[in-house]
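A.B. asks: Letter by letter, the chains look like this.
6 protein chains.
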Amino acid sequence: MESSRYDEGLKKLLEMEGEAGSAVIEKMKLISPDFTRYLLEFVFGEIYARPGLDIKTKEAVTIAGMVTLGATLQLKVHVKAALNLGFTEQEIVEMMLQLAPIVGFVRAMDGLMAAQQVFDEKTKGELGTDKGQE
Amino acid sequence: MESSRYDEGLKKLLEMEGEAGSAVIEKMKLISPDFTRYLLEFVFGEIYARPGLDIKTKEAVTIAGMVTLGATLQLKVHVKAALNLGFTEQEIVEMMLQLAPIVGFVRAMDGLMAAQQVFDEKTKGELGTDKGQE
Amino acid sequence: MESSRYDEGLKKLLEMEGEAGSAVIEKMKLISPDFTRYLLEFVFGEIYARPGLDIKTKEAVTIAGMVTLGATLQLKVHVKAALNLGFTEQEIVEMMLQLAPIVGFVRAMDGLMAAQQVFDEKTKGELGTDKGQE
Amino acid sequence: MESSRYDEGLKKLLEMEGEAGSAVIEKMKLISPDFTRYLLEFVFGEIYARPGLDIKTKEAVTIAGMVTLGATLQLKVHVKAALNLGFTEQEIVEMMLQLAPIVGFVRAMDGLMAAQQVFDEKTKGELGTDKGQE
Amino acid sequence: MESSRYDEGLKKLLEMEGEAGSAVIEKMKLISPDFTRYLLEFVFGEIYARPGLDIKTKEAVTIAGMVTLGATLQLKVHVKAALNLGFTEQEIVEMMLQLAPIVGFVRAMDGLMAAQQVFDEKTKGELGTDKGQE
Amino acid sequence: MESSRYDEGLKKLLEMEGEAGSAVIEKMKLISPDFTRYLLEFVFGEIYARPGLDIKTKEAVTIAGMVTLGATLQLKVHVKAALNLGFTEQEIVEMMLQLAPIVGFVRAMDGLMAAQQVFDEKTKGELGTDKGQE
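Protein chains in written order, with my numbering: chain W, 1 to 134; chain U, 1001 to 1134; chain B, 2001 to 2134; chain F, 3001 to 3134; chain E, 4001 to 4134; chain S, 5001 to 5134.
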């Protein structure tokens, strides 16, 4: 039963975060397999899998928590997840603007710079893919 | 032009937060009329009024920021606002559950207790109104 | 299997926190049965139950996290737990002194005042019990 | 030599914070005489006593740190100290306004409410004294 | 009228932060022109422009907020601004020493290292200029 | 007497942190000799030297404070200290797992990555030493 929750969590994470999430999981597994298991079983397999709130609002809430903590690394992974879930770049920028007066321009500015890095990498990736298709 | 932004902000705040927001404004005006003006003109008249993200996601983001800071007082006002905007009590509880692993069970528990106080006051208020109508 | 983890968590919590923990659980169940379940299943049944670090060090780490966040309410419950686990009052005071230069005298002072409230309630409780036994 | 630093710290604290500081010291002595000693010897006798920055700027910096942490209790003591050092009420309000965009309106609002409580108590105290003199 | 506030804010920012501020503005404009506009119009054009507190105390308060948040990037820009406003390097170091016991040696140490980086860059810049003049 | 406290602090720091601590001290001396003196005299010579709590629990508490603040740089120095004091790598990992639900998976993940960097450097160092001995 636990293993099904693990699998469900992994599926959810890959669905949301794609390669970026997969890279985090591989990295964290080497540091602490149990932390990684809790991340998949509990955070993704249990909490993200709950039905009572739509996944996009959950992701917005997650991003806001990370901006407030000033946690750039994890924020970048979740900005990617937000894009995968259908938020536009502009909507993600708007989240940071909304947070600017609430938790301060300092945290919002860091959030915007992290988001922009994700947007830039994505554009480069797409350009790269385009080139590859030529 | 400024005064129109002030009025727009006040309208937005009353629409979202009703009496609770109005009470905060009256209280803050006595402490600092300028802080109150910035709250109405800038936070509500400018930031909340931006069109690029739906108001419910903005409010979820605001609540998440406040839970992460552990800011109980303002959180309660925005839990009321979230209810006014159409979030159900259960959805607000789900926001706290979503934040539990991200920013910790400690902040999430404080968030849940603050939300429950709002739900209880609302129920009492409604019961009171019912009684008053008899 | 889940229910056994729930039971194990509840047993752990009662063992550590006694009545204070029990009261928190009853209160939180009314707000969110699922949050309470995660608290028991995951935090107490899984994380606290891990064998790789002695329970007293785990509790010291927990207290330090709560002092740093400035989370008075939960800190008081865990000061009680620390006493139950065999830490002396003086050792708990020393934790706050250790944190004073690390996270600041401000958070350490709040931590000391919260701890003292627990020590005082305990003394009153014991006096009360003594009286009751006469 | 240590005892002279303790005395110097106590003198500094009383000079800055008056009765409010004295009350904190008496309260903290009962909880941890050593914490209180460090507060007097190190924070007031050493850090506050340093000559390289004027005392008013030091106090402004202290208040800003406390507003950012959301530490209401200690903030109130230091708002009193700031008044004793010659800052006007309006200048203290301006510090909170300055912090509003930097660390967020949420923390600034809590700071303003804490400051106002100090201003109100002071006014009552003065009125009380006036009455007493009649 | 808004555009005059924007211009006033830009003038204030350039006056305070010089090239460093200008670089931030150019970078942020590419990410979010509106965030940049709020930074200029509201933070610099409105808040910094308020007359009730001298600009040096405002800057000290801003720096203290950033040290407490652990926001290195923005802190460096504001250490430059503090130097431009007439604070000496030693006075900025003293701000960090003052914050050490309040918000902890950890944040103060990060603050000192950020400040030192600014001092070093400034020295190199001046040496560079000297060389260029030969 | 002060100089003896300084020497005692330096001895304690070198004992706990070895070369890593020594490097921090040399670096900080160039930035602020007084900050470094307080670090040695007060934090190491006074607080760490207190007898009422065993040194390993003190270090666990210190690490927990730094994880909660998200202070990677200082955390790495104290992970080294924890290893020197006899904590195993696995026990340090367990501290982060214990903190995951308390202060959030975000801070715990950063803590785990910082700890792993220390473990990796240590392994490289040991391999290097082994090689050198051939």
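A couple of the hints might just be wrong.
[Stated by the list, open to error] Computed far set for chain F versus chain W, every beta-carbon distance over 10 angstroms:
(1) L3053
(2) T3072
(3) T3088
(4) I3102
(5) V3106
(6) R3107
[Stated by the list, open to error] Here are the simulated SDA-like cross-link-like pairs (lysine to any residue), alpha carbons at most 25 angstroms apart as the crow flies:
(7) S/K5076 <-> W/L73
(8) B/K2056 <-> S/A5049
(9) U/K1027 <-> F/K3056
(10) F/K3056 <-> F/E3089
(11) B/K2029 <-> U/K1027
(12) U/K1122 <-> B/K2029
(13) W/K76 <-> E/A4049
Since the hints were made in silico from the structure, they are not lab data.
All values derive from a computational prediction rather than experimental measurement.
C-beta atoms are modelled at their ideal positions from N, C-alpha and C, and glycine is treated no differently.
A.B. asks: Starting from F/K3056, check that the Cα of F/E3089 is at most 25 angstroms away, please.
C.D. replies: Distance of about 14 angstroms is within 25 angstroms: holds.
A.B. asks: Check the non-interface label on F/V3106: least C-beta distance to chain W beyond 10 angstroms or not.
C.D. replies: Answer for F/V3106: violated, closest chain W Cβ roughly 6 angstroms.
A.B. asks: Could you grab the alpha-carbon distance between U/K1122 and B/K2029 and see if it respects the 25 angstroms cut-off?
C.D. replies: 20 angstroms, holds
A.B. asks: Does W/L73 lie within 25 angstroms of S/K5076 when you go C-alpha to C-alpha?
C.D. replies: Roughly 17 angstroms between the alpha carbons, so the hint for S/K5076 and W/L73 holds.
A.B. asks: Between the alpha carbons of B/K2056 and S/A5049, is the straight-line distance 25 angstroms or under?
C.D. replies: Status holds; Cα separation ~21 angstroms.
A.B. asks: Grab the minimum beta-carbon distance between F/I3102 and chain W and tell me whether it stays above 10 angstroms.
C.D. replies: 5 angstroms, violated
A.B. asks: Under the criterion that the straight-line Cα-Cα distance not exceed 25 angstroms, is the pair W/K76, E/A4049 satisfied?
C.D. replies: 35 angstroms, violated
A.B. asks: Run the C-beta distances from F/L3053 to all of chain W and say if the shortest one exceeds 10 angstroms.
C.D. replies: Non-interface label stands for F/L3053: nearest chain W Cβ at 23 angstroms, farther than 10 angstroms.
A.B. asks: U/K1027 and F/K3056 were given as a pair; does the straight-line alpha-carbon distance stay at or below 25 angstroms?
C.D. replies: 29 angstroms, violated
A.B. asks: Examine each Cβ of chain W, and state whether all of them lie more than 10 angstroms from the Cβ of F/T3072.
C.D. replies: Since the minimum Cβ distance to chain W is about 18 angstroms, F/T3072 lies beyond 10 angstroms and the statement holds.
A.B. asks: Is the Cα-Cα distance between B/K2029 and U/K1027 25 angstroms or less?
C.D. replies: 35 angstroms, violated
A.B. asks: Would you say F/R3107 is clear of chain W, with no C-beta pair closer than or equal to 10 angstroms?
C.D. replies: The assertion about F/R3107 is violated, with a minimum of 8 angstroms to chain W.
When held up to the earlier numbered hints, the structure conflicts with 4, 5, 6, 9, 11 and 13 and fits the remainder.
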